[in-house]
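In order, the protein sequence lines correspond to chains W and E.
The first sequence: position 62 = 62 (my numbering), numbered continuously.
The second sequence: position 176 = 176 (my numbering), numbered continuously.
Treat the hints with care, since some could be wrong.
Stated by the list, open to error - The list that follows gives simulated cross-link-like pairs (lysine to aspartate or glutamate, EDC-like), each with its CA atoms no further than 20 Å apart:
1) K13(W) with D100(E)
2) K19(W) with D93(E)
3) K13(W) with D81(E)
4) K76(W) with E189(E)
5) K76(W) with E257(E)
6) K9(W) with E87(E)
7) K19(W) with D81(E)
8) K66(E) with D54(E)
9) K96(E) with D14(W)
10) K246(E) with E257(E)
11) K131(E) with E193(W)
12) K88(W) with E257(E)
13) K124(E) with D173(W)
14) K63(E) with D81(E)
15) K88(W) with E189(E)
16) K45(E) with D192(W)
17) K13(W) with E87(E)
18) K9(W) with D100(E)
19) K175(E) with D196(E)
20) K146(W) with D100(E)
21) K76(W) with D93(E)
22) K9(W) with D54(E)
What the hints assert, rightly or not - Facing chain W, from chain E, some residues (calculated, C-beta under 10 Å):
23) Q28
24) V85
25) Y102
No wet-lab data here; the hints were simulated from the structure.
Ideal Cβ positions, reconstructed from N, Cα and C, are used throughout, including at glycine.
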Amino acid sequence: MNNIFVVFKKQIKDTFTNKSVLLQVILYPVMTLIMENLIRTEGIPDHFYTKMFSAMYVGMTPLISMASIIAEEKEKNTLRVLMMSNVKPWQYLTGIGLYVWMIFMIGAGMMSITLNPANIPFYLLVMGLGAIVSIAAGACVGINGKNQMSATSQGTVIMLLLSFLPMLGMFNDGFAKAARFVYTQHVRELLDEMSFSALKLDGAIIVAVNALLAVTLFIIAYRKKGLE
Amino acid sequence: MIQCNGITKSYTDKKVLSGISFDIPDGQIFGLLGPSGAGKTTLIKILTGQLTFDEGSAMILQKNVKHLSGSDRKKIGIMMDQFGVYERLSCYDNLKVFADIYSVPKSRIMETLKLVGLEDSARKPASSLSKGMLVRLQLARVFMISPDVIFLDEPTTGLDPMTQKQIHRIILDKKKHGCTIFLTTHNMEEAAKLCDTVALLNEGVIVDSGAPDEICRRFNHQKKIVLHLKSGDDVELPHSKESAEKISKLLEEESVEAIHSSEPTLETVFLELTGRKLEEDN
Ligand SMILES: Nc1ncnc2c1ncn2[C@@H]1O[C@H](COP(=O)(O)OP(=O)(O)O)[C@@H](O)[C@H]1O
Ligand SMILES: [Mg+2]
């Protein structure tokens, strides 16, 4: 328990100096606030930008942040010192995961102020659950990558799939079909309706399969590579 | 405290350590002396449970290194190149992470930074430190947790003489507090100055071991008398009857400018045993 908290605390101290993670977390909320408040275009549905950016945010930020933090600690050999200090891998991953989840939720909280107050709890619930899948995927990427460079490039491919497919799907039927297979699409649909009734059975299955896949891949990557 | 019995380790195609055995009593400084590539780092990794090995056994704190528990680990301090620091965090915050893990009181952090002479850099990010300061920060991390056994992999390599001296002082101070210290170096002067026992490692084999001066004494046949002549020539003579006659003759001729004796050092012993210099890459 203590070690999880130590890792979490260390990461919090690093927040304001870790530009790559900070940028990830600030980018979408700031873009959302700007688009929703300043660039109101006629004829666009309510909360259009919030919903679009939220789907991208949930697919991208937790994944890239998680992957880049783990990969950096591997590359700079700080992870090895933690392991030699008897911090267990699961404690480390939980600490970092909690941190990423927390800063993600702060960003989500910022984005939610554009919504009807009644919808905010539902919105945060969906975002919070979605982020967990992304965090597991990010942990896979971080464990697999040899260094930050390779983790970032691997992460970018997955992130493009997760974040941009739902957005492209809004404009193109082919992409829309492909997008059905990623959980971020269903997160987007849930946010569209602001109710769990939007989640059809096939959607629920796809989200569950995505989550299961992320966790399974994570376990395989972890078994194969550990944290070394 | 640290016992090694016939440790052998191969990487896929190549034997890196063969039949390494020694026994380091409590409270001693043990120096593993050898050129780059001899297998020093590999042995430290094995002794600290970071690497598996093929044959033999190793004990530390009366425990098999293959089965070190969490609480055993907390009594072992390790410093090696392959250990990093959090570059964006300050020196203080770097130590704070480990103070928290090891439940060390906060006051120890500044105390330890003072010990290694980094108190003025406590708030500076680790990325702004010079190489010597970085090594001292890593030493601080080890010393802060008050371990019983300390492993230092080339703690002074690449540092200026001033910093080397500071580090030697700290290491000797830790010995006074009862720590057992295992260090590697390719600097024989350092080994002779710090270590109670040294082992000379070459290509994965210990070629000799013992107290530094005892090893040198064993190689006394290397002892030479050097005569510097007025003509500018140097004459090297072994310790022998013939030499004595030659010297007295030269003295009578008043052709001698200076006489000194050259004694074997760990460096020359190593050269004789292996045909290799310790610091061939520098
Ligand atoms: N992971 C590895 N795979 C293969 N060979 C290695 C590995 N690590 C070290 N070696 C080899 O083992 C030998 C000893 O290395 P090392 O223990 O680092 O020497 P030292 O620390 O004395 O300089 C070297 O020849 C090195 O090339
Ligand atoms: Mg080495």
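Going down the list of hints, with the structure as the test:
no.	hint	in the structure
1	K13(W) with D100(E)	holds, 14 Å
2	K19(W) with D93(E)	holds, 18 Å
3	K13(W) with D81(E)	violated, 25 Å
4	K76(W) with E189(E)	violated, 32 Å
5	K76(W) with E257(E)	violated, 58 Å
6	K9(W) with E87(E)	holds, 16 Å
7	K19(W) with D81(E)	violated, 26 Å
8	K66(E) with D54(E)	holds, 12 Å
9	K96(E) with D14(W)	holds, 13 Å
10	K246(E) with E257(E)	holds, 15 Å
11	K131(E) with E193(W)	violated, 58 Å
12	K88(W) with E257(E)	violated, 68 Å
13	K124(E) with D173(W)	violated, 54 Å
14	K63(E) with D81(E)	violated, 25 Å
15	K88(W) with E189(E)	violated, 40 Å
16	K45(E) with D192(W)	violated, 55 Å
17	K13(W) with E87(E)	holds, 12 Å
18	K9(W) with D100(E)	holds, 10 Å
19	K175(E) with D196(E)	holds, 11 Å
20	K146(W) with D100(E)	violated, 28 Å
21	K76(W) with D93(E)	holds, 17 Å
22	K9(W) with D54(E)	violated, 40 Å
23	Q28	violated, 23 Å
24	V85	holds, 7 Å
25	Y102	holds, 7 Å
Against the hints set out earlier in the document, violations occur for numbers 3, 4, 5, 7, 11, 12, 13, 14, 15, 16, 20, 22 and 23.
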